[in-house]
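Undergrad: So the protein lines, in turn, are chains U and Z.
For the first sequence, the residue numbers in the numbering used here are 1 to 113.
For the second sequence, the residue numbers in the numbering used here are 114 to 228.
Note that these hints are calculated values from the structure, not bench results.
Misleading hints may appear alongside valid ones.
In the DSBU-like style, the derived pairs of lysine-lysine whose C-alpha atoms are separated by at most 35 Å in a straight line are [stated by the list, open to error]: (1) U:Lys71 - Z:Lys220; (2) U:Lys70 - Z:Lys162; (3) U:Lys3 - U:Lys53; (4) Z:Lys223 - U:Lys18; (5) Z:Lys220 - U:Lys57; (6) Z:Lys162 - Z:Lys181; (7) Z:Lys223 - U:Lys13; (8) Z:Lys220 - U:Lys70; (9) U:Lys53 - U:Lys13; (10) U:Lys70 - U:Lys55; (11) U:Lys18 - U:Lys53; (12) U:Lys55 - U:Lys71; (13) U:Lys57 - U:Lys70; (14) Z:Lys174 - U:Lys71; (15) Z:Lys181 - U:Lys57; (16) U:Lys71 - Z:Lys162; (17) U:Lys55 - Z:Lys223; (18) U:Lys3 - Z:Lys162; (19) U:Lys3 - Z:Lys174; (20) Z:Lys181 - U:Lys70; (21) Z:Lys162 - U:Lys57; (22) Z:Lys227 - Z:Lys174; (23) U:Lys53 - Z:Lys220; (24) U:Lys3 - U:Lys70; (25) U:Lys57 - Z:Lys223; (26) U:Lys55 - Z:Lys220; (27) U:Lys53 - Z:Lys162; (28) Z:Lys162 - Z:Lys220; (29) Z:Lys227 - U:Lys3; (30) U:Lys18 - Z:Lys220; (31) Z:Lys162 - U:Lys55; (32) U:Lys3 - Z:Lys220; (33) U:Lys13 - Z:Lys220; (34) Z:Lys181 - Z:Lys227; (35) U:Lys13 - U:Lys55; (36) U:Lys3 - Z:Lys181; (37) U:Lys13 - U:Lys3.
Which chain Z residues stay away from chain U? Per the calculated CB distances, all over 12 Å, these [said to hold, decoys possible]: (38) Ser127; (39) Leu132; (40) Glu133.
All C-beta atoms, glycine included, are put in the ideal place defined by N, C-alpha and C.
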Amino acid sequence: DVKVTQSSRYLVKRTGEKVFLECVQDMDHENMFWYRQDPGLGLRLIYFSYDVKMKEKGDIPEGYSVSREKKERFSLILESASTNQTSMYLCATRTRVTNYGYTFGSGTRLTVV
Amino acid sequence: AQSVTQPDIHITVSEGASLELRCNYSYGATPYLFWYVQSPGQGLQLLLKYFSGDTLVQGIKGFEAEFKRSQSSFNLRKPSVHWSDAAEYFCAVEGYGGSQGNLIFGKGTKLSVKP
Chain U
1 DVKVTQSSRY
11 LVKRTGEKVF
21 LECVQDMDHE
31 NMFWYRQDPG
41 LGLRLIYFSY
51 DVKMKEKGDI
61 PEGYSVSREK
71 KERFSLILES
81 ASTNQTSMYL
91 CATRTRVTNY
101 GYTFGSGTRL
111 TVV
Chain Z
114 AQSVTQPDIH
124 ITVSEGASLE
134 LRCNYSYGAT
144 PYLFWYVQSP
154 GQGLQLLLKY
164 FSGDTLVQGI
174 KGFEAEFKRS
184 QSSFNLRKPS
194 VHWSDAAEYF
204 CAVEGYGGSQ
214 GNLIFGKGTK
224 LSVKP
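Isolated chain U (complex conformation) (with noise of 0.2 Å):
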């Protein structure tokens, strides 16, 4: 099975702080996904990547920055916390070889105070 891994399941910050969320897979996909996800709102998609030095901005990638640098680890980066982004994120794993739909990983709820 592929194993997608959130580095923390639960964090809190101060307002300011530079975060980092880490996501690592460990079955070579190609396509990796960050999501946020808040209570009525569902999920939406703040970056993806389709392959390693790539990024392409989602629905609301604002406050937000990503990277890429090896195949297997996707990092999502805070510049400077807000209140506002206090939520659950959600990183997601696919391959471009088969469609097996997104695999997702445990997620990180991040509190920003």
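Given the structure of chain U, go ahead and fit chain Z onto it with the hints provided.
TA: The following block gives chain Z in isolation, referenced to the frame of chain U:
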């Protein structure tokens, strides 16, 4: 633009009763459709998917879904609900064009199960 609508925000059913969760999509071509389930505090798990062929697809945990092109629907069903099915369910469609390969999600339906 592609979109997915799940009209029911919250549904409560009794254990043992049948279940149907609704999903409607807006899409310009033959869609790839998915249902995911999310238990509290967890990531999303794929229940089933439709790409082509038989319009009734079987998934894990006893779930099935039926694709109806004429109604732009992909409703999820289960004949007898178990207490462990309490979770949030998301319908998704794969985007095309600039969003190819990206999933567009509905806002989810939360399922509660009464004993």
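Undergrad: So if I understand the rule, the pair passes when the alpha-carbon distance is 35 Å or less; does U:Lys18 with U:Lys53 pass?
TA: holds, 21 Å
Undergrad: Check whether the Cα positions of U:Lys57 and U:Lys70 lie no farther apart than 35 Å.
TA: holds, 19 Å
Undergrad: Keeping to a limit of 35 Å between CA atoms, is the pair of Z:Lys174 and U:Lys71 held or broken?
TA: Roughly 32 Å separates the two Cα atoms, so the pair holds.
Undergrad: Can you confirm whether the C-alpha distance between U:Lys13 and Z:Lys220 stays at or below 35 Å?
TA: holds, 27 Å
Undergrad: Run the distance test for U:Lys3 versus Z:Lys174: straight-line Cα separation, threshold 35 Å.
TA: Holds - the C-alpha atoms of Z:Lys174 and U:Lys3 are around 21 Å apart, at most 35 Å.
Undergrad: Between the alpha carbons of U:Lys55 and Z:Lys223, is the straight-line distance 35 Å or under?
TA: holds, 32 Å
Undergrad: Does U:Lys55 sit within 35 Å of Z:Lys162, going by the straight-line distance between their CA atoms?
TA: Status holds; Cα separation ~27 Å.
Undergrad: Is the straight-line distance between the alpha-carbon of Z:Lys181 and that of U:Lys57 35 Å or less?
TA: Cα-Cα ~32 Å, so holds.
Undergrad: Going straight from one Cα to the other, do U:Lys71 and Z:Lys162 come out at no more than 35 Å?
TA: holds, 26 Å
Undergrad: Just to be careful, I want the Cα atoms of Z:Lys181 and U:Lys70 compared with a cutoff of 35 Å; is the pair within it?
TA: violated, 41 Å
Undergrad: Is the straight-line distance between the alpha-carbon of Z:Lys162 and that of Z:Lys220 35 Å or less?
TA: Within the cut-off at roughly 18 Å; holds.
Undergrad: With a cut-off of 35 Å on the C-alpha distance, tell me whether Z:Lys227 and U:Lys3 pass.
TA: holds, 33 Å
The structure fails to meet hint 20 from the earlier list, while all remaining hints are met.
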